[in-house]
Amino acid sequence: MTSHSGDGDHHHHDDHDHDHHDNHFSAMQARVKALETVLTQKGLIDPAAIDVIVDTYETKIGPRNGARVVAKAWSEPDFADWLRSDATAAIGSLGYTGRQGEHMRAVFNTPETHNLVVCTLCSCYPWSVLGLPPVWYKAPPYRSRAVIDPRGVLDEFGVTLPEGQRIRVWDSTAELRYIVIPERPDGTDGLDQKALADLVTRDSMIGTGLAKPAGDMR
Amino acid sequence: MNAFEPTLSGSPGLPKSNEGDPVFSEPWQAEAFAMTVRLHEKGVFSWSEWAEALSHELYKPGRRADASDYFDCWVAALSRLVTELSITSPDHLDQLTQSWHRAAAATPHGQPIRLENDPQR
Chain A
1 MTSHSGDGDH HHHDDHDHDH HDNHFSAMQA RVKALETVLT QKGLIDPAAI DVIVDTYETK
61 IGPRNGARVV AKAWSEPDFA DWLRSDATAA IGSLGYTGRQ GEHMRAVFNT PETHNLVVCT
121 LCSCYPWSVL GLPPVWYKAP PYRSRAVIDP RGVLDEFGVT LPEGQRIRVW DSTAELRYIV
181 IPERPDGTDG LDQKALADLV TRDSMIGTGL AKPAGDMR
Chain B
1001 MNAFEPTLSG SPGLPKSNEG DPVFSEPWQA EAFAMTVRLH EKGVFSWSEW AEALSHELYK
1061 PGRRADASDY FDCWVAALSR LVTELSITSP DHLDQLTQSW HRAAAATPHG QPIRLENDPQ
1121 R
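Here the protein sequences line up with chains A and B, keeping their order.
Per the numbering used here: the first sequence = residues 1 to 218.
Per the numbering used here: the second sequence = residues 1001 to 1121.
The shape of chain A in the complex, shown without the other chains (with noise of 0.2 Å):
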């Protein structure tokens, strides 16, 4: 585990200073990538215009179970709880598993501490949980700063946490990848479990945003 300066604490929990090579494409990912590789040297496709139009899709790919993981913990105390303890079979009992929903940790957000998560430089990224990740998450600068300077990166995006409240930062790895449970937001005591997913969005469970206020459902 690394300690950083500042009001962020980095952990660490992974080897990616060992030899350890775990990254592996399916056929589809390496014919798809192979295609845009020879479309991209013939000047038929710019990668970055792709990223622009398969983020317009951030919402539809995958299930997002994420968001019903998030609303059943608000809801169901003993679930919470369980989520707390064994994140991994706790969404698995939702029938939420995969090569990417698998080894999860989830970390609660109090009004002590909120968590951020970092990290989707390579296959780890648990998009079968957590839907797409954003594009500028891919970017190395994100993932360094996020660790340096965690409140600044935050702030960009235009979250402004409570003076008091520490941040935590976490890095995904492929033995472990993190859900980030946001708080409940207020005046949400009578909405059902469909509702409250409703106000959990894909930036929420990676603590670069909040959960959306009651009657914004979209």
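These aren't lab readings, by the way, just hints derived from the structure by calculation.
Take the hints with a grain of salt, since some may be wrong.
Only pairs whose alpha carbons sit at most 20 Å apart, straight line, appear in this in silico SDA-like list of lysine to any residue [to be verified]:
no., chain 1, residue 1, chain 2, residue 2
1, B, K1042, A, E76
2, A, K42, B, G1043
3, A, K42, B, F1045
4, A, K42, B, L1093
FRET-style restraints, in silico, Cβ to Cβ [as the list claims (entries may be wrong)]:
no., chain 1, residue 1, chain 2, residue 2, range
5, A, P47, B, S1055, 23 to 31 Å
6, B, A1065, A, D86, 30 to 38 Å
7, A, R145, B, Q1120, 33 to 41 Å
8, B, S1055, A, K42, 20 to 28 Å
9, B, G1013, A, T56, 15 to 23 Å
10, B, E1084, A, P47, 17 to 25 Å
11, A, P162, B, A1065, 48 to 56 Å
12, A, D81, B, Q1111, 34 to 42 Å
13, B, G1013, A, D51, 24 to 32 Å
14, A, T56, B, P1119, 30 to 38 Å
15, A, D46, B, L1085, 12 to 20 Å
As the structure is a computational prediction, the values presented were derived from the model and not from experiment.
For every residue, glycine included, the Cβ atom is placed at its ideal position computed from N, Cα and C.
For this one, chain A is given, so just place chain B on it according to the hints.
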């Protein structure tokens, strides 16, 4: 209505949400979709050429009964079309695919997977 309507209507059987947007179950599917949209916008192929290439793959025997291989067909159609249009050769595309496999396997966790990481390049 959305900006990709021509591609949508030119792609029979595309899984769509109630709002009419395409539904992807994995990120590479959206990437393949987005590349097709761009190539069509650039005039690399026409609406009917795309529809024909896709249909050809979709009606091949041996499809999965649940149609979960829809985007596998999509990628096969796109691969075929770009080789038929002599943008690249099937061999080159296969070599690049193998190269990406090796690049991914050789990339340590936490670093971007780049084609240069293929030890055989």
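Status of the hints after comparison with the structure:
| no. | hint | in the structure |
| --- | --- | --- |
| 1 | K1042/B <-> E76/A | violated (51 Å) |
| 2 | K42/A <-> G1043/B | holds (14 Å) |
| 3 | K42/A <-> F1045/B | holds (15 Å) |
| 4 | K42/A <-> L1093/B | holds (13 Å) |
| 5 | P47/A <-> S1055/B: 23 to 31 Å | holds (28 Å) |
| 6 | A1065/B <-> D86/A: 30 to 38 Å | holds (35 Å) |
| 7 | R145/A <-> Q1120/B: 33 to 41 Å | holds (34 Å) |
| 8 | S1055/B <-> K42/A: 20 to 28 Å | holds (25 Å) |
| 9 | G1013/B <-> T56/A: 15 to 23 Å | holds (21 Å) |
| 10 | E1084/B <-> P47/A: 17 to 25 Å | holds (23 Å) |
| 11 | P162/A <-> A1065/B: 48 to 56 Å | holds (54 Å) |
| 12 | D81/A <-> Q1111/B: 34 to 42 Å | holds (36 Å) |
| 13 | G1013/B <-> D51/A: 24 to 32 Å | holds (26 Å) |
| 14 | T56/A <-> P1119/B: 30 to 38 Å | holds (36 Å) |
| 15 | D46/A <-> L1085/B: 12 to 20 Å | holds (19 Å) |
Violated hint for the displayed structure: number 1, the only one.
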